[in-house]
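**Student:** Both chains are sitting in their own frames, so use the hints and assemble them into the complex.
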Amino acid sequence: MDGAVHGGDDPASAGSSELPEDRPERGNDQLAALLAAAAEGDQQAFAELYDRTSARVHGVALRVLRSPDHAAEVTQEVFVDVWRQATRYSAGRGSVLAWITTMAHRRAVDRVRSVTSETARDVKYAEHTVEVAHDEVWAGVDQRLDVERVREGMAQLTSIQREALTLAYFGGYSQSQVAEHLGVPLGTVKTRIRDGLSGLRSVLGVNA
Amino acid sequence: MTPPIEESLHELSGSYAVHALTGTELSEFEAHLHDCAQCREEVRSFREALTELDGVIEVAPPPAVRSNVLAAIAGTAQLPPIEAADGPRHAAQLDGQPDGQPDSQPDSRQSGEPDSRTASASEDGVRGTVAERSGGTVADLGAARERRERRTGRGRAWIAVAAAAAVIAVGAGGWAVNLNRQLEQQQQAQVAGQQLNQRESALLNAPDATVYATTLNDGTPVSYVVSKRLNQAMLVAADVRSPGADRVWQLWTVPGSGQPVRDTTFVAGTNQRVFMTGDIDRAGALAITVERAGSTPTAPTMTPFAVVKL
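Chains as they are written, first to last, in our numbering: chain W, 1 to 208; chain L, 1 to 310.
Treat the hints as calculated values from the structure; they're not laboratory data.
You may find that some hints are simply not true.
Claimed, not checked - Quick look at which bits of chain W chain L covers, simulated, 3 or more residues with Cβ under 8 Å:
| id | region |
| --- | --- |
| 1 | 33-45 |
| 2 | 59-69 |
| 3 | 80-93 |
| 4 | 171-185 |
Glycine residues also receive a C-beta, built at the ideal position from the N, C-alpha and C atoms.
Here chain L stands alone, though its shape is the one from the complex (with noise of 0.2 Å):
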């Protein structure tokens, strides 16, 4: 009689921790870790244990990975915390997370995280409880008021951290050769070869027109094509995934002096260009979160990503 399916998938525990499970076995384990513990525990424990083995094979590497790593990071967006948008926190962690994420394919662009969703009700705990450990690193309960309120986007804070969006004037006439090759560097080459209407065109064609690129919270690159004196921006993307389940892309303009305003929402697409519904002209920045399907939010109900200065 063959065992029932849990039993002998417990039996995979090591060949994943060591990754040598592949294919159909690797996803079923993997959907096997969401909702069994024991499992998560062993795995964890092995992977304590093949670092410590690690410990005896440390080598150096040479110093110029240090710098190529460093000179890299400076200009690599940062995944923003884990924030549900409502609803109860998921308390479950999935151990195989690190291998669940875009470092199997190393080359491409961040692949959806599908199981990101599932907040973590540690996530803002373990950071609290990092800080008191470290002896101090909240300073005062105003610093970490301010870091919950960047957190939920409630704070203007992040606005001063946004990632540095790469800035292209498109100047009038010759738009439509500049555009192509900005946006072709920026990988939405299938975009810049589409028929544009005009209401398109007409923004692309404005003298101020500018292009901001920068990337959603999955890696994907986006831009924002905005006009301030004709008071129109659009949203272009090539490919874009979906967010997650009961979950839109949420676009904010944010005015000067003030707190985000909602604007239109976008899902997965390709060949994507999506006006946007606000005051353009006066906007001080644009930004996107991911919030539930079907919800008003008021407010962004987490950090918000491809946030450009305009």
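One chain only, chain W, in its complex shape (with noise of 0.2 Å):
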């Protein structure tokens, strides 16, 4: 059984890190078999599991919290779990990595709310959260697509999107903390990200 899980003999695959962006399906097929291994008590399948997937966690992490300590901390916290409820994860739900990150950006931004007060998560605090995505973030985006794609996709995503979407995901801030930074109804902010996902959604090329 050793050898079935690293999806056969293509060096691609064979202990890299990275993911092959063209084969995404290909990608996602061995991280479920290393997933599933690790759910049967696997230790090695899932320390491999942690080398493939351990840098996207620990970087929304250190996104979100921006303190080294506190993402370090929870990106433990977000393999523990993974471990335990490697059972639990299931296709129907989406690949592997949204799974894995998503309780990543959970615990991330739970850990931003309780130990990091009101005050110190002032308006400057969520413009600089803004500044930073637009430069490291959203422009890191443009560069993964082709030119042709990012004409056409970045249309759909305005910046009045980009902002409420990089307060509340990458500021972990919530839809009520955006509308009230913003100075716009929550309507308005629920529209704005939902809209945004949208066409982030089609940017990135996703099934909608």
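**Tutor:** This is the structure we're talking about:
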């Protein structure tokens, strides 16, 4: 059984920590096989799953929490949860990576809300979040896509949608807090976030 | 005019996907997800998009995180797969499941999983499919059958993979002090402070009395106090939650060379001390499952947990 979870002899996949972007389904198959093995107690398979996904988990935690110590702790907690709940993943819920990063984001947001006081997360903090995300996140999205898709896609994600999405997703603000910060009605925030995600979905070519 | 409730709930799918929903809106939307496949699908696609976005900000964690994680999981029990006790399996899958689980209370024990009682029809199917796709993980039908048997408790393999239970021998005399300290460590402090009746005292006073610490499948710490000499065992727990509507916690004894034998049941409650009714002196292991209330299963209908080898 040892060799099977690694999906064969493809050198591109053996020991690689990056998913082959041109074949996302194959990457997910491999992660799912590792997770299934981990669900039966296979610690080695779990270690490989960790190696393939920890950078993404940690990156999310770091972006939301900004503190390397908190980010490291949350990353640890997430993977212990992944181990404990490995049997509860099923393909109908989406990709393995989405399952794991969702858990990571949830934990990171819960922690940032509990450890950071309201005053510490004031207007300047929020604006900084948006600025930095613009430079370091959205620009990165641009670079990953070819020009044609970008032109098409980015039109579907306006700057105010990106702003609301950034505050909620990377800032960990509740929708009410986003509304308050932006000085717009709650309903407007809900729509911007939802439309922004629809746009993001198109930009990144995710099946709707 | 206010829009129908259903319509305004759909609007929350984006906020939900980015964890920006809180309070009553969060619980209302989670309840809504149960019934709305469209929203589940939308949330799922939003999360895939966000995961893609996260690909842009990957940062490898320090090596210490890896070693800490691997050390932690070596001592961490895994939740058993979801198995319905009987009746039709539900195909509905709650997309919000990862959020509904205890990652929202990181420092506390595993909270109840109210939705996990809804068995997923695709759970086993997915595992089979994955095995096929990974190119021959299931080497032969025998291995597959063993896996199925393991999951339904009919096979014996689950005893071998029992989570390591902390075993603490309780010596004669001074048991009260030792037990108190040990049970406190197992977060059973409330129980340790309670009055014990004669039967309980006798068990705890037995020269071979041994305390095994383990957990239920929802993370609740429980302990067995066992004396083979007295042919007695009791389950001790500070705070047990309900295993679900119409369900009970079912204890089992496992004779050295046979199939699990149904023992007594227990339900939610604090300061529990539940005496088992079966033969302990010949038992090779003790275990617990969740069963339908009022049923009399002749065998576990799910993979047992809280398994301790005696």
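**Student:** Hints first: check each against the structure and report whether it holds.
**Tutor:** Going down the list of hints, with the structure as the test:
Given as covered by chain L, the region 33-45 of chain W passes the check, having 7 residues with a CB less than 8 Å from a CB of that chain where 3 are the minimum. Against chain L, the region 59-69 of chain W contributes 5 residues with a C-beta closer than 8 Å to a partner C-beta. That satisfies the three-residue criterion, and the hint holds. With 12 residues having a beta carbon nearer than 8 Å to a beta carbon of chain L, the region 80-93 of chain W meets the requirement of three or more and the stated coverage holds. With 6 residues bearing a CB less than 8 Å from a CB of chain L, the region 171-185 of chain W meets the requirement of three and the coverage assertion stands.
Every hint from the earlier list agrees with this structure, and none is contradicted.
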